[in-house]
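Per the numbering used here, the very first residue in the sequence shown carries number 1; after that it's consecutive.
Bear in mind the hints are in silico, worked out from the structure with no lab data behind them. It cannot be assumed that every hint is accurate.
Claimed, not checked - Below, a list of computed lysine to aspartate or glutamate pairs in the DMTMM-like style, where the Cα atoms sit at most 20 angstroms apart:
| # | residue 1 | residue 2 |
| --- | --- | --- |
| 1 | LYS189 | ASP18 |
| 2 | LYS189 | ASP7 |
| 3 | LYS189 | ASP13 |
What the hints assert, rightly or not - Label pairs and their calculated CB-CB ranges:
| # | residue 1 | residue 2 | range |
| --- | --- | --- | --- |
| 4 | LEU91 | PRO120 | 41 to 51 angstroms |
| 5 | GLY131 | ARG58 | 18 to 28 angstroms |
| 6 | GLY64 | GLN25 | 43 to 53 angstroms |
| 7 | VAL72 | VAL204 | 26 to 36 angstroms |
| 8 | ALA10 | THR218 | 52 to 62 angstroms |
| 9 | ILE26 | MET135 | 42 to 52 angstroms |
| 10 | ARG136 | ARG59 | 15 to 25 angstroms |
| 11 | LEU217 | PRO120 | 14 to 24 angstroms |
| 12 | ARG215 | ASP18 | 34 to 44 angstroms |
| 13 | LEU86 | GLY43 | 19 to 29 angstroms |
| 14 | ASP18 | LEU86 | 30 to 40 angstroms |
| 15 | ALA10 | ARG215 | 41 to 51 angstroms |
Don't be surprised by glycine CBs; every beta carbon is placed ideally from N, CA and C.
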Amino acid sequence: MTAPPDDCLARNDWICGDYLSTRRQILLDAVGQHVQLTVVSVGLGLVIALPLALLARRRRWTVGPVLGITTVIYTIPSLAMFSLLLPVYGLSATLVVVGLALYSLTLLVRNILAGLDGVPAGTKEAARGMGYGPMRQLLTVELPLAVPAAMAGLRIATVSAVALTTVGAIVGYGGLGNLIYAGMNAYFKAQVLTASVLCVLIAVAFDLLLLGVERLLTPWRRAGRSPRPARWRRLTTASGRRA
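Based on the sequences and whatever the hints tell you, model everything.
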């Protein structure tokens, strides 16, 4: 008995509008879990990466160990990573979040550190000349100027987390990965394709969102101006004349 010509589910087509209409809530729940896992894991990674980058910047002898350890963690296969964390966190969403956060460290730490190291020496000297203490200089001068490099790492880490979240399906917390895994086992073409496309759309949406945030945080890049306020430039110029 052949499937009706208008029944794409029965024909198991790759593109099927009936799948979207009949599984809307399932898809929404999977997208919500996928976004939540991605945001929490990258946020946790950023909370860990920023102090590590600041430590490496302040104590240069720690740069090698910090970058080396985070790089080694990044090379661990995802299945092995989840297996190592399983005795600690069990079959839970926390296992996936911690695993993805650890994977994000190497990208975040490297880019934050590169951004801080790229702050011009003249800018830091001008800030000190204006009486900025170390903490104020870090918060109001160095970190803002490090935003472009840091955001580049954050964008890559976020897109990578969107992809790696699907692996969480092996413990039941993979967002859209759960649908992809189940669809592949049942050879359910519409489910596999729809969930895969949604993963790509989520990654693109996150990337565009973070790009917009970067543009808001770096108005001088939009205007093509120097990132240093005018008073810093005047101070630097005056210092040069006095010399």
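*Which numbered hints fail*: none
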